[in-house]
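> As given, the protein sequences belong to chains A and B, one line each in that order. Using full-length UniProt numbering, the letters of the first sequence correspond one by one to residues 1 to 503. Using full-length UniProt numbering, the letters of the second sequence correspond one by one to residues 1 to 350.
Since the hints were made in silico from the structure, they are not lab data. Heads up, the beta-carbon is just placed ideally off N, CA and C, and yes, glycines get one too. It cannot be assumed that every hint is accurate.
[What the hints assert, rightly or not] A short, non-exhaustive set of chain B residues, derived as facing chain A with CB atoms under 7 Å:
#1 115
#2 275
#3 282
[Said to hold, decoys possible] Below, in silico cross-link-like pairs of lysine-lysine (DSS-like), each with a Cα-Cα straight-line distance of 25 Å or less:
#4 A/166 / B/265
#5 B/117 / A/499
#6 A/306 / B/117
#7 B/238 / B/265
#8 A/149 / B/265
#9 B/265 / B/117
#10 A/209 / A/148
#11 B/218 / A/148
#12 A/209 / A/306
#13 B/238 / A/148
#14 A/166 / B/266
#15 B/266 / A/306
#16 A/148 / B/266
#17 A/149 / B/266
#18 A/91 / A/68
#19 B/303 / B/64
#20 A/40 / A/68
Okay, here's what each chain looks like letter by letter:
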Amino acid sequence: MSIGSVPVKFKVTIDNDRCMLCERCIENCSYGVFRREGQKIVPDSRKCTACHRCVAMCPRDAIDLEEKPNDYRSHPLWTREAREAIYNQAKSGKIILSGMGNALDYPIIFDRLVLDACQVTNPSIDPLREPMELRTYIGKKPERINIKKNNSGDYDLNTEIAPNLKLETPVMIGHMSYGAISLNAQKALAKAVSSVGTFMGTGEGGLHKDLYPYQSNMIVQVASGRFGVDINYLERGAAIEIKIGQGAKPGIGGHLPGEKVAEDVSKTRMIPLHSDAISPAPHHDIYSIEDLVQLVRSLKEATEWKKPVFVKIAAVHNVAAIAAGIARSSADAVVIDGFKGGTGAAPRVFRDHVGMPVEVAIATVDKILREQGIRNEVSVIASGGIRDSADVTKAVALGADAVYIGTAALIAMGCRVCGSCYRGLCPWGIATQRPELVSRLNPDEAAVNVANLINGWTLELAELMGAAGINSIESLRGNRDRLRGYMLDEGILDVLDVKMIGA
Amino acid sequence: MCGIISVIDRSGSSMDGGAIKKALAQMNERGNGEGAGYAVYGAYPDYKEYYALHVFYDNLAESKTAVEAILEKWGHIEHSEEIPTYEQSRLKKTQIPWRYFFRPDASLISGGISGEKDAVIRIINTVNTSVNGALIFSSGKDVGIFKASGWPEEVADFYRIEDYEGYIWLGHNRYPTNTGGWWGGAHPFNLLDCSVVHNGEITSYGTNVRYIESFGYKCTMLTDTEVVAYLLDLLGRKHELPVDLAVKALAPPFWDEIDRMDISKKELYTALRMAYGSALMNGPFAIVVANSDSIMGFTDRIKLRPMVAAEYGDRMYISSEEAAIRTMEPVLDSVWMPTAGEPVIGRLRR
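With the rest of the complex left out, here is chain B (with noise of 0.2 Å):
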């Protein structure tokens, strides 16, 4: 199950999240209120040169003061506080929400670290695996993702999302199955600039994490998710794949369909699975990914989950279920159901 809406205004314009609240909310039926949460682009715009590291702890003694001192360490700190959260009747603070404008300095770090996203995953990693009661689980610019295990009303409320405001939003409604529910396993999920929402599970999670952690990286949330969001920043930022090839090393066609193509897509389509056969993900997924500039959806090679795509002017939608995108925008230009694998993807105009 798992409901997931997502929309991008093209323009650039900005929406608060007033809307996509009530459109995840239509989706209840596909969560179990163990877990939701809301991602949006833009929404620190004061702070838009430093990267915006959203943290759980699990209390304000060791685990903070081990975190600040490894930031500290390694960068610099413009500015931080605790992410206002306001009560519900039944979604307790079971983790303390804490964001920091944070600017790495990568020249201070060892070992084949290129550039301050190199030094951000870094410190990332190393937060998450050896600081006890801290996670880590939001680090793009400008980005914010806001999420806790309850119903996606509870956890709008409990952030009060609405005061907040961005011109990309993902909504995620989770029924988890595979693995319990928790803060950090609640979606999006989200890496630098990439922020993931998912409906499905990733059968080929192992071979995916064992292929992930041979470049570097740690898989630490116990979801499916964050490997996703893993293999789009090594097949896109650093292997500079474009964004649409590297959905299709995840999503490659069928070996069938390869044969037929024409000889030098064969050849391309050939090494995509050669070389990125251990990215290929198995299973059933809907996923959307977001970065600053667009937003995508596929689905798996056979859409064992559902879904639709939709436009209204400039705002483009991506969802679960139709109903959902018409409960933010109840006449739309257009409605349609992308084929399996076939990325969709709706871009800034910029």
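The following block holds chain A by itself, in its conformation from the complex (with noise of 0.2 Å):
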């Protein structure tokens, strides 16, 4: 122990005048920071994760929690994480994992986009008076349609088209498992997106019975360990998704631990009970793109050209090359991953430093979509870091169809983002797999919730259209006139080909 401990990074403090001693705060805490000491409860500093849960359930508002302060010499290149980072390294050897999004402080794309609105000569149209249209289809459309004149002097559709999922709103809730996260809070994402008009993803975690009711409004994935994979699981999604790459962590694969696989985390995925559950970074079968392209095609076959592709890729520097080699391989949508797309579980220094906001990854993929005429007919949904309705609609307007949200899905039912998801200590019933802790989630009420955000979204995104004279979220996508850059250096203007503010 030649290092020693370092400094605890939360403080709690109990207002003991307050405090009744009813105890909620150590039945609550799965970290174990409470005990009771005669008249007291005692917090344990130095095992809080600050998952708000103890503040949350204290009746009294008795319980204070601050972020420590720096308490090291201060300086501006050693910071306290680097520094924190090396002391842990040094005394395990060991990669140091982290959970949810991109935690370093870069400049957020979306913040210094700005949207435009209409003045005078152009009306700004009123949702609550006038059809405002967001009903998207994702999948893949045909360059151009024929049409036949019937005897009857109408016009016959003449072209076959692919099957597409109809979403009422252009957002989804993306890929995150069972395993990774509760039945119960599958089950609360489920729910919402059937009561919404819209979809979620299974994750690689297959489909649990008890979501069968939910199916038509799930997208079933496909990752390297292809757990919970078989022709059951292929033929009850409403699409089936690809993962190649992840936002969070572009270039490796995923990791359950064997204390989340339980016994029906185990059934679910069809691997031995308590096994690590480990995805490998690529696909065993796919080592080009000519691979993927097969692979797109089996799945298809085997569920009768029923059902579109989605491939998901985590948004990195070529991002729009391979993302037109997908919409080549006869996949329906292509799904792009931002850096700052939330995880259970990351090394940190993937989370921190690998790949691209995917501000640039939605507007470079549109691009080279269109230089190749191809945009049309494919979908191009974005992911990772969408915290609310401005950053969908400027995710549109830089050319997506549609945007998987995560994290803030999980922070409507309660999450925190204290970022300790690997470790299957969820407070909230969320990114655990505890029985105690994951009754603490009620489905229906979390359903509620996040139902509440969506249409909440869903409502403000109309607004913003409506402000900018459009009543149709086909004109709002890729339409970048009305987006203005911010202080954003000319460069990344370029990329995003966006014209700055005042122009």
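Each of the two chains sits in its own frame; use the hints to bring them together as a complex.
Next up, the structure:
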């Protein structure tokens, strides 16, 4: 122990005058911060993750939680995080894991893009009085349609349209597997998407039978581990997604620790109880774009060409060329996951340093697909750090057909972004498989919260479109004219193909 | 704002430009003196087999030499001349309008060029994007566009519009609000057989431009009107949609309405929106599009700009204001207000 301990990150204090010794904090904290000593609750701040469960559940507001200020000698280069990472690795010799999204202070491009609104010459549209159309079809579109005039003088469609997902809002919920999150959390998300007319991903965890009633709103995932994948699973999904990469950790696979592989998870994933579920970085049958084409077509063939197949990749520097390859692979949609995306667990060094922002990725993908004349034939889904309806609007204006949200949906269920999902102790019953914790999440109530969030964003999106004089989401998609860059440099503006503010 | 007026004589009889000049001036409240223009079909009967290329030149040295080198390289110039103009007290000649009667040789051009029309589009794109001080703004057969920055009467007098005759006339009185007034930005906008006048703003411009440019078109006029001409060229000429269906792609029925259609119609309109969502035009607009056979007017889906249609004998009119139509024809057989997104079409009886 030559290094000793590092200072505590969070300081928990109890106001003993307010505390009534109900011990709810002890019951609620799965990290074991609180214990009772006589007539006092005593916190052990070192164990705190700032999950806020105790603060939220204390009936007397007797708990204070604050981030402890840096008490190392201050240094602009050797920050607290840098030093503590070294202490931890010097002790363990291991990779440092972390949860949730990128924690470095990169500028957020979304926040430096501003939207436009109509004044005088072009009327704003009031969504309360006028129709506002957010319906979005995700899937392959024909380059053109052929029609034939029939005997009665009407036109008949002479082009077969590939199967598409019909969304009533361009907000979907991304893939968070059963295993990474609890069954109650998945149920809540499934009920929510069914009620608002959108879709969610199963993640690479199979499809639990309790979710069968919602299967028409679920996108099943085929990742490198192929966990839970069989023909029954494929046939139940409304669409199939091949996961190649994930924004939070491009270039590496997934890892669900054996402790989270409880009985039901093992059955759903089709793996032995308590075994580590390791998805390797590469799919062992995909080492080229041709191999991907084969998998896309195999999945289509297996499901009789009735389901759209998506391919998800992490946003990396040559994302545009990769996406163009995917677009030509028979895939119906390409999902681009930016480096602000969340995750249950990722090596810290990946989460914080690999990949690129989804804003840039979407803009470049949209550009190359247009240059190649195929943008219209494939859908683009943006994910990774979508925080509010403004981000959704800007993502669509940059060229996305729809977005996936992940962390935002978890926050709607109570998650406080404490970043400790990989420990399986989530006190909110979300990122855990412990029955006593899972039962804390009421799927019906959480479903209402998630549906409320999506409905709220949808209303805001409609308002933003109306303000811009647009009453159909098709006219927002790729409409860079409705965006201006604010405090963005010329290089980024050029990549985004967005004009500077005032221009 | 902006005022539009159009007339077709369905028997093909000619009208001179005197009446439309007065009609357009009737709507001077809708303009600000920054742009006006006229299109006339049937203008060049002597050269009706040739593409009439109207060009604005900044000078007759480098830019004209460069354009003529391009035209001679890719085809044959049958005749060329300066378009006669007559300076007005306020309207000075800031650019030199020139016209060529031209026939391209499509076999000389590579890259998916399938015929004369594609070749002409390629030549226009080349000139408008690479030759400084030259702008081809009109390219149809037997069609002429006459436009400038000025009031309708000034522009008409500048070109002596009453000296021209044709069976279709379009007029536009401009009140530019999202780009500056300049000669190229005045309407009508023309590409090949298709001429467009437009009142409004297309808020989907960014989407429409990105869509149309992915098919090889280049938007160079700094106005949202040209994209309409390109979209109609793509949907009508290249994708072979009948004109009424092409309009339904640009201003489609709402999903609510589509959901209520019978199954085959619903499939058709769903497919139309899925395939051509990026061609959908949003924002307030009233548009009249002419080609050698017809004029067609349509508005945006919630009719944020006015449009009125009328008939008198063989003549059919579409305008922003009934008063403008009555300037041309005081007593009309019928006058009506087309519903939002519904095209009104007047065709030659051939």
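> Holds or violated: residue 148 of chain A with residue 266 of chain B, Cα cutoff 25 Å?
The given pair, whose Cα atoms are some 15 Å apart, holds under the 25 Å limit.
> Do the alpha carbons of residue 209 of chain A and residue 306 of chain A lie within 25 Å of each other, as the hint requires?
holds (22 Å)
> Would the hint linking residue 238 of chain B and residue 148 of chain A be met if the CA-CA limit is 25 Å?
Given that 25 Å is the threshold and the Cα spacing comes to 16 Å, the pair holds.
> Is the Cα-Cα distance between residue 209 of chain A and residue 148 of chain A 25 Å or less?
Not OK: residue 209 of chain A and residue 148 of chain A at ~45 Å, beyond 25 Å, violated.
> Can you verify the interface hint for residue 115 of chain B: is its Cβ closer than 7 Å to any Cβ in chain A?
violated (18 Å)
> Given the proposed pairing of residue 306 of chain A with residue 117 of chain B, does the C-alpha separation stay at or below 25 Å?
Distance of about 40 Å is beyond 25 Å: violated.
> Going straight from one Cα to the other, do residue 238 of chain B and residue 265 of chain B come out at no more than 25 Å?
holds (23 Å)
> Going by Cβ atoms only, is residue 282 of chain B closer than 7 Å to chain A?
holds (4 Å)
> Take the C-alpha atoms of residue 91 of chain A and residue 68 of chain A, compute the straight-line distance between them, and say whether it is at most 25 Å.
holds (23 Å)
> Measure nothing beyond the straight line between the CA atoms of residue 149 of chain A and residue 266 of chain B; if it is 25 Å or shorter, mark the hint as holding.
holds (15 Å)
> Is the hinted pair residue 40 of chain A and residue 68 of chain A satisfied, with a Cα-Cα distance of at most 25 Å?
holds (23 Å)
> Measure nothing beyond the straight line between the CA atoms of residue 149 of chain A and residue 265 of chain B; if it is 25 Å or shorter, mark the hint as holding.
Holds. Residue 149 of chain A to residue 265 of chain B sits at ~12 Å (cutoff 25 Å).
In the structure shown, a violation is registered for the earlier hints numbered 1, 5, 6, 9, 10, 11, 19, in ascending order.
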